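Chemist: Take a look at the letters that make up each chain.
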Amino acid sequence: MATSSATLTPGTTIAPKRRFGGDEVAYFITLIFATVILLVTVAIVWQLWLHSSPAREKFGFSFLASKLWNPVTDQFGAWPFIYGTLVTSVLALLISVPLGVGAAIYLSELATAKLSNALTFLVELLAAVPSVIYGLLAIFTLVPLMRDYVGPAVQNVLGFLPLFSGHIFGVGYLTAGMVLAIMTFPFIISVSREALMAVPREQREAALALGATQWESTFNAVLPFAKLGIMGSVFLALARALGETMAVTMVIGNDPAIHTSLFAPGYTIAAVIANEFTEATGNTYLSALVELGLVLFALTIVINGVAQLMIVLTTKKGSAKA
Amino acid sequence: MTARNARRKGVNIFMLGLCAACAFVTVSTLFVILGFLLYNGATSVSLNFFTKLPLPPGQDGGGMANAIVGSAQIVIMATLIGLPIGFFAGIYLAEYGGKTFAFMVRYVADLLNGIPSIVIGIFAWTVIVVPAHHFSALAGSMALSLMLIPITARSTEQFLLEVPRAMREGSLALGANKWRTIAKVIVPAARKGIMTGMILGVARISGEAAPLLFTSLNNQYWSTGLSEPTASLPVMIFLRATSAYEDWHRQAWAAGLVLLALVLLANIAARMVISRGASLPR
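These protein sequence lines map, in sequence, to chains Z and G. Position one of the first sequence corresponds to residue 1 (the numbering used here), numbered consecutively onward. Position one of the second sequence corresponds to residue 1001 (the numbering used here), numbered consecutively onward.
Hints are computed from structural coordinates only; laboratory data are not their basis. Computed from a predicted structure; not experimentally measured. For glycine and all other residues, C-beta sits at the position ideal for the given N, C-alpha and C.
Among the chain G residues that face chain Z by a calculated CB cut under 10 Å, a handful are: (1) Ala1023; (2) Val1025; (3) Phe1036; (4) Pro1116; (5) Pro1150.
Produce the complete structure using the sequences and hints provided.
Modeler: As structure tokens, this is what we get:
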């Protein structure tokens, strides 16, 4: 026995022939498919770069800062779209972060396991609703509501601010932001809930034992622990909001200009691509739209990278799942 | 001291109540959405909707039969391309992946998953529509399959990793080599989870309109092949809802109801299949 175990040191293969059987083939097949993922992503970047070259050569970096978007004179600038994308996404987060984190606290800290699971199931269904359905609902319900009731009411109180001045069309930055808020909170809720549930039980018990109320325990002992994960969920939602196309296209108002008023119609990067791509005539026009796609791609990649990093960091830290 | 405690208690109740309110407000939006679609769409869903071609505004009795079939065509094609690639890539990540390369693939898959669908549409346009000089269902399928690949790969990987170590070791100890272990033991053990991930992925891409806008475009009539512009439900909803005609709006509501019903049913079915407690990747 002693001699046989001595010969079987790690790395010794008993039957070398078998290593060239199905195992190698299976390995290479799966490797090829995994490599497809890399190649496709590289190809996307390459094609966007290639097809945007006429616009990049013509406008250079001034493309990003220029406010002019005029297909008739072949003058293209991205700033109104970048502005619209950022404004609508930030508005969306201002609404969805408090709502989403509040709901996540309820689901992880207060609700019974059964209720929490049932509600989370519904939230996940909400995340599965297609974008174009949100757009459909927004056009026929939210837009008239904003134009006839919410807009005038807000303007009565805060109309002296430039942010809430001007004519109320129903469509515009604020309406798009509200639709985006509804579309992003499912992500915030489910990721934040997981981050909160990863906080060790001792953290809560220690705070409660010191005499803290449940809210104080949650706010001072649990939330700081899950901070990175919640931030991660916010960035994830931001990336979704930036790239969201259909629902925004249907309610943004399609005006390639910059307005201070949130009631004014605007435009986002994704929306202008969706609306004008099939109608674009001429090389410069098309390549300007592709370059907008490249800008959107870069924006979402950076935001997504930050989100992934934060989520990984928290789940590693709070490994003791409650 | 008692005043301070009373204040603390008040804050406690108020803030916890606020959190509960947040939860119920967010969850209730699902019912608001369902309610509006049922209220506006139910009356317009008729037999004609499923069997007739679209008609110009003002004419009664049109349907979206071509868009329903077109959507099915595009999604099935995308599924045939995307699922195998995602599945095998997922096996690689879970079973064969080394350190650096697997990390890279994983990271890039998440990246691909995060790319806005409209940008994927531009890519499909550059590689299929531009060389072929016309819009086609195939280009739409390709765009959708690119969205399906990372979803399938990551969910397959996750469920394979959840298979207990003892099962692998048992199979290997009985003399099976690695690919037999994967094919006969590990994949069957993770079957339910993998299926769930796949159904959710397919449900997700079937609601996408943005990547189809300038790949498969739209069609008022039946398309006769994969290399022709093809109508799809999500694109139809977009075009009908943004049109100026009352009866087209009704068609949009009907199509919205049908699409939402299909997507939600697929989601509910998939999530019922899965064992409780396992979390799904986004």
